[in-house]
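There are 2 protein chains.
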Amino acid sequence: MEHPIKLYNTLTRQKEAFTPLNPPLVGMYVCGPTVYSNVHLGNCRTFISFDMIYRYLTHMGYKVRYVRNITDAGHLENDADSGEDKIAKKARLEQLEPMEIVQRYTLDFRNVMAQFNALPPSIEPTATGHIVEQIEMIEKILDEGLAYEVNGSVYFDVNKYNETDNYGKLSGRNIEELISGTRDLDGQGEKRSPLDFALWKKASPEHIMRWPSPWSIGFPGWHLECSVMSSKYLGEQFDIHGGGMDLKFPHHECEIAQCNAANKVEPVKYWMHTNMLTLNGKRMSKSTGNTLLPEELFTGDNDILDKGFSPTVVRFFMMQAHYASPLDFSNDALVAAEKGFNRLMEGITTLSVISPAKESTFDVNSWKESCYNAMNDDFNTPILIANLFEGIKAINSAKNDKASLTADDIELMRKTLTEFTFDVLGLKLETENSSSDKLNGVVEMLIAMRNEARATKNWALSDKIRDELAELGIQLKDGKDETGFTIN
Amino acid sequence: MEHPIKLYNTLTRQKEAFTPLNPPLVGMYVCGPTVYSNVHLGNCRTFISFDMIYRYLTHMGYKVRYVRNITDAGHLENDADSGEDKIAKKARLEQLEPMEIVQRYTLDFRNVMAQFNALPPSIEPTATGHIVEQIEMIEKILDEGLAYEVNGSVYFDVNKYNETDNYGKLSGRNIEELISGTRDLDGQGEKRSPLDFALWKKASPEHIMRWPSPWSIGFPGWHLECSVMSSKYLGEQFDIHGGGMDLKFPHHECEIAQCNAANKVEPVKYWMHTNMLTLNGKRMSKSTGNTLLPEELFTGDNDILDKGFSPTVVRFFMMQAHYASPLDFSNDALVAAEKGFNRLMEGITTLSVISPAKESTFDVNSWKESCYNAMNDDFNTPILIANLFEGIKAINSAKNDKASLTADDIELMRKTLTEFTFDVLGLKLETENSSSDKLNGVVEMLIAMRNEARATKNWALSDKIRDELAELGIQLKDGKDETGFTIN
Chain C
1 MEHPIKLYNT LTRQKEAFTP LNPPLVGMYV CGPTVYSNVH LGNCRTFISF
51 DMIYRYLTHM GYKVRYVRNI TDAGHLENDA DSGEDKIAKK ARLEQLEPME
101 IVQRYTLDFR NVMAQFNALP PSIEPTATGH IVEQIEMIEK ILDEGLAYEV
151 NGSVYFDVNK YNETDNYGKL SGRNIEELIS GTRDLDGQGE KRSPLDFALW
201 KKASPEHIMR WPSPWSIGFP GWHLECSVMS SKYLGEQFDI HGGGMDLKFP
251 HHECEIAQCN AANKVEPVKY WMHTNMLTLN GKRMSKSTGN TLLPEELFTG
301 DNDILDKGFS PTVVRFFMMQ AHYASPLDFS NDALVAAEKG FNRLMEGITT
351 LSVISPAKES TFDVNSWKES CYNAMNDDFN TPILIANLFE GIKAINSAKN
401 DKASLTADDI ELMRKTLTEF TFDVLGLKLE TENSSSDKLN GVVEMLIAMR
451 NEARATKNWA LSDKIRDELA ELGIQLKDGK DETGFTIN
Chain H
1 MEHPIKLYNT LTRQKEAFTP LNPPLVGMYV CGPTVYSNVH LGNCRTFISF
51 DMIYRYLTHM GYKVRYVRNI TDAGHLENDA DSGEDKIAKK ARLEQLEPME
101 IVQRYTLDFR NVMAQFNALP PSIEPTATGH IVEQIEMIEK ILDEGLAYEV
151 NGSVYFDVNK YNETDNYGKL SGRNIEELIS GTRDLDGQGE KRSPLDFALW
201 KKASPEHIMR WPSPWSIGFP GWHLECSVMS SKYLGEQFDI HGGGMDLKFP
251 HHECEIAQCN AANKVEPVKY WMHTNMLTLN GKRMSKSTGN TLLPEELFTG
301 DNDILDKGFS PTVVRFFMMQ AHYASPLDFS NDALVAAEKG FNRLMEGITT
351 LSVISPAKES TFDVNSWKES CYNAMNDDFN TPILIANLFE GIKAINSAKN
401 DKASLTADDI ELMRKTLTEF TFDVLGLKLE TENSSSDKLN GVVEMLIAMR
451 NEARATKNWA LSDKIRDELA ELGIQLKDGK DETGFTIN
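Heads up: the sequence lines are chains C and H, in that order.
Using the numbering used here, read the first sequence as starting at 1 and increasing by one per residue.
Using the numbering used here, read the second sequence as starting at 1 and increasing by one per residue.
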């Protein structure tokens, strides 16, 4: 490849050259949403980050199979494998079938992702759609002697596994520390070690989502589905596994253990983790209530915000931070991002009105190179955006005749700017708004002409403008100082 | 209920009063799309018809759980249970994972349904998501002695079933006729009778989609999924089962047999079937090539059409026929529907400019009653639409002072018209277009003013209009006879 990509591998804790197992094919798995409530903005950041990575890899010529699962089987309320099934609980409260809740929030999730202009993944498998395969993987792990059955439930034997592999290799923890950090929790009695985790749980009588298995009527442990679906659709070894950093332990650690136990190979070449989102400096979370729904962000219907921000502005705001850095949401930061986004869009528009010169005073090739260098350095979108603004600066100078660009350079800048802005960063021109902006602008022109007509006592023209607008469904409203209008 | 609904029950071959099993709850199952290619317009008609039925039942106060499945497991190419798996075949040709094809066409299907303003069903279960449950139902049927295993495949024993039940009761066929009508087809050797159908098929080595079962690594027969998913989400007995009439035999007949065999109850109280769509008088079908994709219909990109038609006009066109009557698509019929739709929309708008009178010359209450009577008579949308136009006629007369309406009647007409048009028929105002119509109209006003300015040699004003429009991204283009424009 002309532009080798480097990425930070959480597993090795270093930046590595990206060399896919079967180029130009790339397999990428990202842990998707649990669909028992509205999608959380922190999760949106993760999915938007991997959307950008998916887009850039595709832009660089890779053929990416991008799998993002939907967790539609209720999983346990805490990592101690006890507590109530979240989906079943909500279903009982609302007197709904769990799959009705799943449908509602899956639709909500897809809708939000579409608003953020995130491309659909190649495959969106569901946990309930892979019960057979999950039972098969449990059987393999049992055959390897790395799991045990107690009272119809099956647990992964972490100590046994750790004798020949390293449980904790992703999160950098060791098993002794982990054990000393655990407390005895309810329902732990069946486990040989507090670190052991459920592969299959026997369902209590009130648990709604349940399937038959060789061990009991029950349901799979929630770490299992990702191991099963990633290996089913990407192979036992694949290139990239992503997710939010809160999933690193225990979820991803358990995934690694399950895959190694069942398939005897290290499943993932590159582990990538996105960082957290904070809101006015504090951790965002459904449980603490310091939270902002995507819809509230778009409409401004939340006390934290002075106004709404369009999905593309929010996306631009997210792209201004590196995916692996923390990001703080606040009204002021979003206002600043909106200004920046508008400046970027205006710069791209300005490009089309610059007159070509014979010489360029701006080195477009090296500018373009810097854009690629930024993205090749672990998908560094803030550096990319800073670079794009260097280009916008040159464009504005050329417009004001303080710089010059040849026709070829103008075309190269147009191509580079639009590719990075729209294809890679996934931003979009807000045509809906821009169409209504145009309508407002044109109506304002007619109001100004009508004001002139009235100043010269040309009542015929003044009335004509008012009446013709009314026929189009646009009502002028003459106020004390100025004329407003409403559009039906 | 104040307005008892009657519907035509295909099972009893008569119109019956609709009395749900557990009012106000209603369970409705509709056979959904097979997602290995773009959705067919004939299928769209079926789904739009049941969307209207879902909307009307909801409007009447029923709490409907509407389940529409997605057939994502490839099924056999013909009803003789032989031939190649359709999804797997396409996957091999395109070098894609079957679930990648499934994802692509599921997204296409959802997109088309959203364009047609069809509400998402309450649950959209997938065939691959219910392999465990399908295996369970096969086991129940085997336990009842109504199926048998041969070489890893399991077949339903139609003759045995027919000893105590009636195979053919839905389609009105009898088993002797059916047998005499069959030919010996390839792969029939395993069956005791040519009418027997597969519940489970052992997979050939090249068959991609496959799961373990007690009988073989294989896949479920395609009649099975609907029996399994309808009983899982709606209960072993539920109210309405719908689908295209081409599914009546053998698909729905087999569903009835499977459910009776496994659960010992008649599964469905009311069977409803939509009629076929023809194109210029001929049967529409993917295999004959006499076909029109929804997208081609919207864009006009098909030789059959002079222009494109908006999804809501197409929906209106479909609603002008009864769901159980055949419907022929043609350019002329669509043009006529577009005119009718526009007249309906204009009538609703006109309602807001009528001055209330002291007396009404139009009996709004009896008109409203007629609307409900039409819908209560087996969802007779053509009669409903004819009635709505009676209302529009009265509105237009009132506007021209040839009739009068009281304020209360105006309000009742507004409510009735909008409820039936938007909530029940599922039509929508095309706001996108109407906004761009306004913009076009206002720009035309400015062009006319500029022409006047030019006629009086007021070049300053003429240039000012051109330049200000250009700043808004609207370019005037002076032609020989007239001035056109483009909007960026």
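Hints are supplied without guarantee of correctness; some may be wrong.
Said to hold, decoys possible - Dumping the calculated EDC-like pairs for lysine to aspartate or glutamate here, alpha-carbon to alpha-carbon at most 20 angstroms:
#1 C:Lys63 x H:Glu100
#2 C:Lys202 x C:Asp108
#3 H:Lys232 x C:Glu471
#4 H:Lys399 x C:Glu471
#5 C:Lys169 x C:Glu16
#6 C:Lys464 x H:Glu100
#7 C:Lys160 x C:Glu176
#8 H:Lys428 x H:Glu346
#9 H:Lys464 x C:Glu206
#10 H:Lys160 x H:Glu266
#11 H:Lys232 x C:Asp377
#12 C:Lys232 x H:Glu176
#13 H:Lys402 x H:Glu359
#14 H:Lys393 x H:Glu411
#15 H:Lys232 x C:Glu206
#16 C:Lys63 x H:Glu97
#17 H:Lys202 x C:Glu136
#18 C:Lys399 x H:Glu468
#19 C:Lys393 x C:Glu369
Unchecked claim - Sample of chain C residues at the chain H side, in silico, Cβ under 7 angstroms:
#20 Asp108
#21 Ser122
#22 Trp211
#23 Pro214
#24 Met276
#25 Thr278
#26 Leu279
#27 Gly281
#28 Leu439
#29 Met445
As the list claims (entries may be wrong) - Computed footprint of chain H on chain C, listed as stretches where at least three residues anywhere in the stretch have a Cβ under 8 angstroms from a Cβ of chain H:
#30 136 to 143
#31 460 to 469
Calculated from the structure, these hints are not laboratory results.
Treat the numbers as computed from the prediction; the structure is a model and nothing was measured.
All C-beta atoms in this analysis are idealised placements derived from N, C-alpha and C, irrespective of residue type, glycine included.
Given tryptophan 211 (chain C) as an interface hint, is the shortest Cβ-Cβ distance to chain H below 7 angstroms? Hint on tryptophan 211 (chain C): holds, closest Cβ of chain H at ~5 angstroms, below 7 angstroms.
Is lysine 202 (chain H) within 20 angstroms of glutamate 136 (chain C), Cα to Cα? Distance ~18 angstroms between lysine 202 (chain H) and glutamate 136 (chain C) Cα, so the pair holds.
Straight-line Cα separation of lysine 428 (chain H) and glutamate 346 (chain H) no greater than 20 angstroms? Holds: lysine 428 (chain H) and glutamate 346 (chain H) sit about 13 angstroms apart, inside 20 angstroms.
Per the CB criterion, is leucine 439 (chain C) less than 7 angstroms away from chain H? At 5 angstroms from the nearest chain H Cβ, leucine 439 (chain C) passes the 7 angstroms test, so the hint holds.
Taking beta carbons only, do three or more residues of the segment 460 to 469 of chain C come closer than 8 angstroms to chain H? As far as the segment 460 to 469 of chain C goes, the hint holds, because 3 residues have Cβ atoms under 8 angstroms from chain H.
Within a Cα-Cα threshold of 20 angstroms, do lysine 232 (chain H) and aspartate 377 (chain C) meet the stated pairing? violated (50 angstroms)
Straight-line alpha-carbon gap lysine 402 (chain H) to glutamate 359 (chain H), limit 20 angstroms: Distance ~13 angstroms between lysine 402 (chain H) and glutamate 359 (chain H) Cα, so the pair holds.
Hint consistency between lysine 232 (chain C) and glutamate 176 (chain H) [alpha-carbon to alpha-carbon, up to 20 angstroms]: Not satisfied, since the Cα-Cα distance of roughly 46 angstroms exceeds 20 angstroms.
For lysine 393 (chain C) and glutamate 369 (chain C), compute the direct alpha-carbon distance and say whether it is at most 20 angstroms. holds (17 angstroms)
Under the criterion that the straight-line Cα-Cα distance not exceed 20 angstroms, is the pair lysine 63 (chain C), glutamate 100 (chain H) satisfied? holds (13 angstroms)
Within 20 angstroms, alpha carbon to alpha carbon, are lysine 464 (chain C) and glutamate 100 (chain H)? violated (59 angstroms)
Against the 20 angstroms threshold, does the CA-CA distance of lysine 232 (chain H) and glutamate 471 (chain C) hold or violate the hint? violated (56 angstroms)
In this structure, the earlier hints numbered 2, 3, 6, 9, 11, 12, 20, 23, 24, 25, 26, 27, 30 are contradicted, and the remaining ones agree with it.
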